[in-house]
Amino acid sequence: MSIKIAKEIVMDKEEMRNAFCSVLMELAENNKDIIVLDADLMGAMGTRAFQKKYPEQTVNCGIQEANMIGVAAGLSAVGKIPFAHTFAPFATRRVCDQVFMSAAYARNNVKIVGSDPGITASLNGGTHMPFEDMGIMRGLPELTVLEPTDITMLKWMIKEMAATYGVQYMRLVRKNCMKVYEEGSTFEMGKAVQLCDGTDVTIIASGYCVAEAYKAASLLKEAGVSARVLNMFCWKPIDQEAILKAAEETGAIVTAENHNVINGLGSAVAEVLVKNRPTPVEMIGVQDEFGEVGPVDYLSERFKLNASYIVEAAKKVIARKA
Amino acid sequence: MLSENKVKELKKFSKQIQIETVKMIASLGVGHLGGSLSIADALAVLYGEQMKYDPKNPKWAGRDWFICSKGHAGPAVYSALALKQFFPMSELKTLNRPGTKLPSHCDRLKTPGIDMTTGSLGQGSSTAAGIALAHKMNHMDNRIYLMLGDGEIDEGQVWEMALFTGTQKLTNLIAFVDCNKLQLDGPTCEICDVGNVAQKFEDFGWYAQSVDGHDVVAINEAIEKAKAQHEKPSMIVLNTEKAHGWTMFANKIGSHSTTISADQLEDALREMNAAMKSIEEGK
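In order, the protein sequence lines correspond to chains A and B.
Taking my numbering, the leading residue of the first sequence gets 75, the next gets one more, and so forth.
Taking my numbering, the leading residue of the second sequence gets 164, the next gets one more, and so forth.
Warning: the hint list may mix true and false statements.
Claimed, not checked - Using 27 Å as the maximum straight-line C-alpha spacing, the simulated DSSO-like pairs for lysine-lysine come out as follows:
1) A/K233 to B/K390
2) B/K390 to A/K126
3) A/K127 to B/K299
4) A/K395 to A/K249
5) B/K175 to A/K295
6) B/K390 to B/K175
7) A/K126 to B/K299
8) A/K127 to A/K78
9) A/K127 to A/K289
10) B/K299 to B/K332
11) A/K106 to B/K175
To be clear, the hints were calculated from the coordinates, so they are not data collected in a lab.
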C-alpha cells in the first residue's frame, strides 16, 4: 500500500462511470474472458464504449436481473470473468437468492457492481436508494464487499476483482466523487487506509463519508481534538487489526457510512469491537429509514451524513470514554 | 435411428436408474421420489446415448453439460452417474448422510459429474444459459442440456431465461420440461396453470417439441431433431408421470417427497425387477 492524499479534496471532474468503462476496456484488451453484463442500464452506466469496441464480450440481458446473475455464474463456470452491473438495489436485494446460490454457494467467479449507492441515487428516490445493499451482501458467506472512494481507488479495485477468483460486490457511484487519492496510490485488499493519524478518536468511514470524515477531522483539529481517519473501503473481510489498533490507541470510534447503520459499516465495526475490545462507538449513517428524492447535498443533511454530524458524534463518543 | 439392441439397453438403463433411485432413497427412509423417477427415461437417453462425457475426467472441456435445474431430482442423476462409473455404486447409500458427496440437491463441488449447483428453483435455467453462451463465445460445439420441472416453471426466472436465450439464439442449449403434472402441493394446472408449455416456449423464440417422456425412442428422436436445427434454442417437453414405474406412488400428490419403508421398497423392487425382466425378454 502506498498512499498519496490529494492536496485539496475537491469534486473530481471525471465521472466514476467513465473510469469504470475505461478500466474494463483496458482489461478486455488483453483478456478475451472479461465479459460485461448489464440489465438495460449500459447507457446509464456509460459502458456503451465497451460494447462498441468489444461486442463479443458484452451481454445486455435486458431488464432481468435474476437471469443476469445466473448467466454470469454460468459464464464463469466456463472460465469467463463476468462483471454484472445494475443499480445497487437490483444488484442485491432483488437478486439476493441468485447471488447466494448460483454465484456464491456454487463458488462461481462473479463480479457484481451495484451503482448509485445510498443518497447518490438522488433523483431516482427511495425506490432506487439502497441503504441495505452492503448489509445484504455482507450476510452471504465468502463474499468480498467493497466500496471504492474515488477514481484512483476504483481503477485499482476493478483490476483486483478481475484478478481474484470469487464473488465480489462493489457499490459504485456513477457520477462524480470527491478526489481523495492522487493517481499512483496503491491499496491492499482488506486493509483500511489511514488518511490522518490522531489520538483522541478514530473515524472509520467509507464511500461518500470518507471526504466528510476527513473534513470533520480538520474541524475537530481546530477544536483541539486529534482524530484519526480510516477509510474502510472493504467491509468484508473487514480489517480487524486496524479497528482494534484504533480502539487501543484512541479509545473511541465513530463510524460513518452512506448506508443503514443496521447491518452496515457501523454493525461490522461494532462486531469486531464487542468480541475483542469493547469500546464506545457512535454511528453516523442512515438510522433505519427509507430514502427519498432530492439532490445529494439535501439528502446528506436529511440523513445527517455530513462532516458537522461526524464532528458532533466524535465529541459525544469522546465524552463516553470511561 | 436407434438399433433394437440400443433401445433395449436404454430401457434397461432407465429401469436401473429407477431401481437405484428407490434403493438409495429407501436406505435413508425419505427423499424426493416422484420427480426423480419421472426423469429416468430422459436421463437414460442422455447418459446412455446422446451426451459426450468422460467419467474419469468429469470436467473434460469437450464434454456436454447437464444441468438439473430441478435440483431435488439429484437421486436420479446420481444413479445415472454411478451406473456410468463417475463414482462407486456404494456411494449411493450415502445420500443425505452427514459428509456425503450426494446431497439432496445437486452440488457441482461435491459430486463428480454434476455440472452446476441447483436447488433454488429456476436458477439452473440461467446458469445453463450462461454456460451455453460461454461455449458460443469460445466457438465450442458442446451441447448444454437443461432439465426443468413443470412446477419449477412457475418461477419467473425461467421465463427471463427463455426470453434471453431465444434472443441470443443459443442453439447449443437443449432444455426439457419434465411435465409430470404434479407439484408439491397438488396438480400444476390447479396451482399455477402454465397451459401449453411447448407453445409458450415457441412464442419465446424456441424450437419446441412435445414427446412421451417415457419413450426412449421418442426422446432420442426429439434430441436428434433439436440438434439438426441451427436457428433456435430447443425445448423438449416430456409428458411424464410423477413416480413413474412404481404403481404405489405413480401420479400421487404425496410422491414429491416421501418416506419409503422396507415393505414399500420390497414392493418397488418386485414391480421394477419384473419390468426389467420384461425388457430383457423383449416384451
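Structure-based check of each hint:
no.	hint	result
1	A/K233 to B/K390	violated, 40 Å
2	B/K390 to A/K126	violated, 32 Å
3	A/K127 to B/K299	holds, 19 Å
4	A/K395 to A/K249	violated, 39 Å
5	B/K175 to A/K295	violated, 82 Å
6	B/K390 to B/K175	holds, 25 Å
7	A/K126 to B/K299	holds, 19 Å
8	A/K127 to A/K78	violated, 33 Å
9	A/K127 to A/K289	violated, 41 Å
10	B/K299 to B/K332	holds, 10 Å
11	A/K106 to B/K175	violated, 45 Å
Checked against the numbered hints listed earlier, the structure breaks hints 1, 2, 4, 5, 8, 9, 11; every other hint is satisfied.
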